[in-house]
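Take a look at the letters that make up each chain.
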Amino acid sequence: MGSPSPADQVSRRAQVLAGHLRGLQTSTEPSLSPSPCLQYSPPELASPPPDFNLSDMRKLMDGHNLQDRDWLFGLMIQSKLFNPRVAGGRVFVSPDYSQSMEQQREMTMKRIHYLLDCGVFQEWLTGRGPEVEMRKFALHEVIGMYDHSLAVKLGVHYFLWGGAIQFFGTKRHHDKWLRDTENYVIKGCFAMTELGHGSNVRGIETVTTYDSKTGEFVINSPCESAQKYWIGGAANHATHTIVFSQLNINGKSEGVHAFIAQIRDTDGNICPNVRVADCGHKIGLNGVDNGRIWFDNVRIPRENLLNSVADVSPDGQYLSAIKDPDQRFAAFLAPLTSGRVTIASSAVYSSKMSLAIAIRYSLTRRAFSLTPNQPEVLLLDYPSHQRRLLPLLAKTYAMSFAANYLKMIYVKRTPESNKTIHVVSSAFKAILTWHNMRTLQECREACGGQGLKTENRIGHMKGEYDVQSTFEGDNNVLMQQVSKALLAEYIAVQKRNRPFKGLGLEHLNKSCPDVPSQLTSSTLRSSQFQTDIFCLRERDLLIRFAAEISQLQAQGLSREYALLQSYQLAEDLGRAFSDRAILQTFLDAEAAVSSGPLKVNIGNFLL
Amino acid sequence: MAPPGSTNGDGEQVLVEENLFLRTLILNRPRQLNALSFQMVSKLLELFVAYEDDCNVKLVILKGNGRAFCAGGDVATVVHDINGGDWRLGAKFFWKEFILNYVMATYSKPQVFAMPETALGLFPDVGASYFLSRLPGFFGEYVGLTGARLDGAEMLACGLATHFVPSARLSLLEAALCKLDSGAPATISSILDEYSQQPHLKENSAHHKLAIINRCFSRRTIEEIISTLEREAVNSADNWISATIQSLQKASPTSLKISLRSIREGRLQDVGQCLTREYRMVCHVLQGEVSKDFFEGCRAILLDKDKNPKWEPSRLEQINESMVEQYFSKVDDEEWEDLKLPAKFTFSASSLAKL
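Protein chains in written order, with my numbering: chain P, 84 to 690; chain B, 4 to 358.
Next up, chain B with everything else stripped away, as it sits in the complex:
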């Protein structure tokens, strides 16, 4: 479809289709699995802000070209930029990205994420401390700390998704949405209902393990989480427990501690406060003063791909409270400032995050 009025700007990394009251934004970097570049983030932000005040736009669809929806922020480029010089360039990227996240989270217009059955890796930034902490029980800690991937059925089961539409029916769904002239959530929801189905959780899905996840991941510290898992492993032959322990043992110890604290703080905060806090954290990560694990992780997993990162500090006991505290404090730099989010004046249900 090459409808009139479609705009392909900015190196075509974000394609835009306009249909009546519908806008479809298509992430178009399929070879990088649609990882968001600085250009894409800027463009998306521009579009979202413009659409919010445009009463001709009643529905926005986000799609990804290729086999992935979006692999998150383009971390490899960020690292490359930093290795070339200034951590502040990386910070600028995250600044934009987080503003976009805030705008999307508090958007007054309904949004539909179109995802073919795709495995999604969740990383605990981009407002994750907000939405992960609100998953049932302590599933959020489990997902955030182990980096567990959730399939479509699991996303539906834990509330991250509202509908599951098989890929075969996606184009029919889009066509139906094109014809809409109403932005009423109830109407959109009923159309989604027509095309969606109830997927089945796989037998070994983590979602079946909520009881043990809650028992272990509710604990106060990372050390206690691991020791509780180890105690459970003694009484159970379940591979899942040992796999979970392994993911935790392979992860950067610093990341584990700051992620846990981030999710726990996020549980009690609104989405704006979460993003503000995460922005501080990411700036400290980029500065690399407490630990350079981010760069080592990117090197080992994304660049050299040897999958053998050498974390420093290498053990949980080496990380004390004040080191963790540093990630949550303001950055000591003349030019640095806290994330400035657009003001949302209308007090209505929509100004509270949708996630």
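The shape of chain P in the complex, shown without the other chains:
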């Protein structure tokens, strides 16, 4: 019938048993061997080691406070609050973005308190001088690499609220508020933007009047468009805020001024006559509790006016050393430059991270064989893939030097250099944040499906960093301001017959550079030539822009309308200025590196 005979069964059974007994010496050789297609090899092992010293390169790129940065990295990986995970013998930390908005906000505050206890924020407001400021920048950058929400929440409290006290306030404000701010005894936020006014700060509608009988200012939101909006920290935690408002004294509007108002008591209850609402869930930065604020005739002591630029006497007289309201306003906004500096810097780090991830990926991921029976080709071995990522990498190197340069001129600022810093910081903020978004997108695409995992960071960073192009100054508006500043300088030079000085425009004092008719490869690669063509482009656009404005005005247009019409030239000029300035920082950095493999590699990037 087909079933085995008893004898067969016995012999089969004996064979099976014998097999068990023989198999007693367990071989250390696993019966499964890895198949090539399943083998993952990190790029560090595959390629030969670089010919330059990695820590020297790091020193060059990070620029400053390396030990402080490493200390902070150490603080984060040693605490469960930062979600450490061990994989492949290394520790990875990343926030859990799948948590709810409320949970993310709570975790952000917990992380802040931990870092506070470790002494990270010491001297951030009570310290003075370039050394302290550079350390502050370095630590803030590291925090941003971990989580943009954490950096923004801290930025609002220390750089915006704290910065306003430092730069708009006077001694009495410093004595009363700085230490408590540094130690998080109070939590500050910064109410400038309104529902109806963001870019146009001068048009904000919150109104403050003075009651000389009680010696109080009265802050009011007269209509819905006057409500403060997007105020980081206001929705859940902030106890105090800087309020920007029109100041009306004796029936006259004196323009925008800054005041301190309390919005929550120490128990977390909203103060009377203040209304707060939540801005709700966002496409990113859900670790920051952005809120809306209405002031219903809120009364604050006269001393709460931040009076470094203007003041109101107890009997209600408006006093200011600066008579011109435009100049007064400019003096006001100058200190907020630090925000633009930190934003530009964090944009660069975001680009660096996304490029590092995408390039490493492309050094391990394979797709398609070029010849049969050969292993598939590494993504980065495709010229097309190189073309997508490597120019972005080179630009990021340039922008890294530009960001470090910006930090340097900021911490060494003088009243004379303020104008230059204002223009350069606006330009760099715009260019670096735009570059970051472009880089994030390209890197996300370069990672294919893996780019969609939040865990893989790049795609998620798009949502987190998108806001950078519109907050702290809409990039387009900033570029227009840059071009206006250049135009003003150009016109001043023509009028007063003096040479160009500042803003890097000195090259305009020389004659137009010669572009050789024969462009050989070595010419193209020379830094002189590259400087020349960037300067030429800036020169040409500035002259054409000025000419067009002048022509339109001659035709009867007002200056404002002429500027509106010439928006294209303005934009191109803004970019030309920024590109030339960034190139200059790259060339300067390269020149400062002593000869060796490091210099060679940096030099290659310039091309």
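In short, the hints are calculated from the structure, not lab data. Note that the coordinates shown come from a computational prediction; the quantities given were computed from them, not determined experimentally. Wrong hints could be hidden among the right ones.
To be verified - Cross-link-like lysine-lysine pairs, in silico, DSS-like; alpha carbons within 25 Å at most: (1) K253/B / K295/B; (2) K435/P / K545/P; (3) K578/P / K593/P; (4) K333/B / K193/P; (5) K333/B / K142/P; (6) K142/P / K343/B; (7) K163/P / K212/B; (8) K310/B / K682/P; (9) K343/B / K333/B; (10) K495/P / K254/P; (11) K365/P / K536/P; (12) K545/P / K365/P; (13) K163/P / K593/P; (14) K205/B / K182/B; (15) K536/P / K435/P.
Take the given structure of chain P and dock chain B to it, following the hints.
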């Protein structure tokens, strides 16, 4: 036991016992508490390298004769050599020792450290910047800076040890391991489990003080660590705090600063980078150009034993950033080169340090 095939070479400072797939290496300088001499380090290195490629060796046990396992590197001899002339002799010792450390740390074969209940002093070299920095929170800074001794229970609690076996059961454990023919970590671990017990932390153990240790030893600088401890002391009657402050105040200020930086850097590096960095540091220590504290410390504690070292620089404020930086840079000497570690090509979990 005098088993066949046991080799006693090299003045018998390292005894070797062979049993089937097991090799037992016994440190044999009990009167010096098994402090590692240059001979011992060389011998151990030779043996470890040989065993790695020998598929007849599946398990290595390290033991110490006498009441101590190992008191670390034989520092007294190193100092003696240097005082006789050349710092480079000392450097040679550390070179070998650190290579051995690297080999042991990245060993592909499982190792068991047999220690009778022994108090162990930890010194922040020999890869300590790697393993101390990976202890929970900032316990590593505490241990490295104060030189605190950890007993067996504490080593288990902070992850430096995986099992605690009372000395009474050690010989039974060894016998069980002898019979093994498998090098599988899970198998070895389960045998260790059978003989181990859960020791209790003493009531005054530093391990109970993790919260305050983390608050204080996470601080950015030595000065801040001390001032934070002093602030805590105001609010607390705990002797432990004042004892900790005292250890820091008695230590060489230069050592404190370079140790702190070493541990912090090590936290972010792999074991090879840590040893490379530590080798540079130890060479600068031996050269004695920035500070001669190492020699003064050995004199006061090991040689003359007056326990009253005169540190120079004597105060933390006298040590600036560039002085600290010097210890971390390459040595300016024609013949000197950075530590050259054996290449570990196989990318597997085992090529990453086990500690």
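query: Okay, which hints does this one fail, numbers in order?
result: Of the numbered hints, 4, 8, 13 and 14 do not hold.
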